[in-house]
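Please assemble the complex out of the two chains, which come individually in their own frames, going by the hints.
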Amino acid sequence: GENVEQHPSTLSVQEGDSAVIKCTYSDSASNYFPWYKQELGKRPQLIIDIRSNVGEKKDQRIAVTLNKTAKHFSLHITETQPEDSAVYFCAASIWKPDTGNQFYFGTGTSLTVIP
Amino acid sequence: EAGVTQFPSHSVIEKGQTVTLRCDPISGHDNLYWYRRVMGKEIKFLLHFVKESKQDESGMPNNRFLAERTGGTYSTLKVQPAELEDSGVYFCASSPWRPPEKLFFGSGTQLSVL
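Quick note, the sequences are listed as chains A and B, same order. Each residue of the first sequence is one higher than the one before, starting from -3 at the first, in my numbering. Each residue of the second sequence is one higher than the one before, starting from 2 at the first, in my numbering.
Hints were generated in silico from the structure; no laboratory data involved. Fair warning: there could be bad hints in the mix.
Stated by the list, open to error - Some, not all, of what chain B presents toward chain A, calculated at C-beta under 8 Å:
1) V51
2) Q56
3) E102
Remember, predicted model here, so these are calculated numbers, not experimental data. C-beta: ideal position from N, C-alpha, C; glycine also.
Extracted from the complex, chain B is given alone in its bound form (with noise of 0.2 Å):
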């Protein structure tokens, strides 16, 4: 079974352009996550989708942050455009709607913004 992929895994960019992030999720898997973490902090949550729908974006730092999913399937997150505090890695989760509910991780995008 494939597992969580996310692409680009690195992205160096300068602050005032745009980044775009994706994630497949585990196939059959209606829950999409993202998260954050800064380093030495903790896993900080930004957004959950159920299928194409968000259930919950109180993460969400700013409106500079948009996230899809369309169609249920894989998902993006764009940051545009982006500020020096946008550094981190984003990592996106998946899990299926019913327990058990465990969440499998994708590798995360290392996002450097200069």
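With the rest of the complex left out, here is chain A (with noise of 0.2 Å):
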């Protein structure tokens, strides 16, 4: 099956610098690559994602790039603010129409922003 690698495990950052959470998958049907971002006590959240037809989206500050080749794809996120301090997954989504959809996560990235 599939398996998704996350790093950093934990990540400090000063506000207003920038941020980088890199994943790697192995199945290379994997088609679909969310990211969430879960506040502490709070629910995962869908912040943004990418497809496989894509190589990089961006949505205000956050941004997401996607290398098929290499099978790896990050997370960027710059000015960071206090409030991007949470806990954040990336995960990888295979497709198939028999089946639906089958989602692998990472192992999470725990980031600060340090006012």
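Okay, structure coming up:
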């Protein structure tokens, strides 16, 4: 099955700096890559996603890049703010017409933005 | 639109007892997933329902875990008898069958087995 690895496990940045979280996956059939943010005591929330036919996607201060050849994808947060502090999870998903979606998650990155 | 709801939010039980977790997915979502996260580890897949059918239960740890989704609506996950290693946060998530297959999570049930 698919194996998703995520690094780093913890990350501290100064407010205003950029943060980068990296994930790799093993199954070349994976075709959808969402990122989730989980604030303390809350549910994981989808913040951005990318499909395998796209190399980069941006939404305000958040961007995701995908390298299908190398099987890795990254989350970039620019101009970080204290409210960006949370645990971030990457995931790789394979959709098949007979079984639907299967999602595989990374181990999470705890991001702390220091004011 | 109501999100995915889970009940209870916390459960503390003793080893050997039974606990039943409930999940109400977003209305119209055929896919329902159960996941578990142990502190510092990944969100680990347990099983996947498509409507009322178990599509994939390869992640279920053992036969002490039983999941149902009667009528293709809400789902329950029963642990009987509970063991210490069952502690963790149990997440339910749902998504539509067809793309865009965005996955929506519930708030989770924090299970502590003492």
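Now for the hints, and whether the structure bears them out:
1. V51: Hint holds; V51 (chain B) Cβ to chain A Cβ min 6 Å, cut 8 Å.
2. Q56: holds (6 Å)
3. E102: holds (5 Å)
Going down the numbered hints, you'll see the structure goes against none, and every one checks out.
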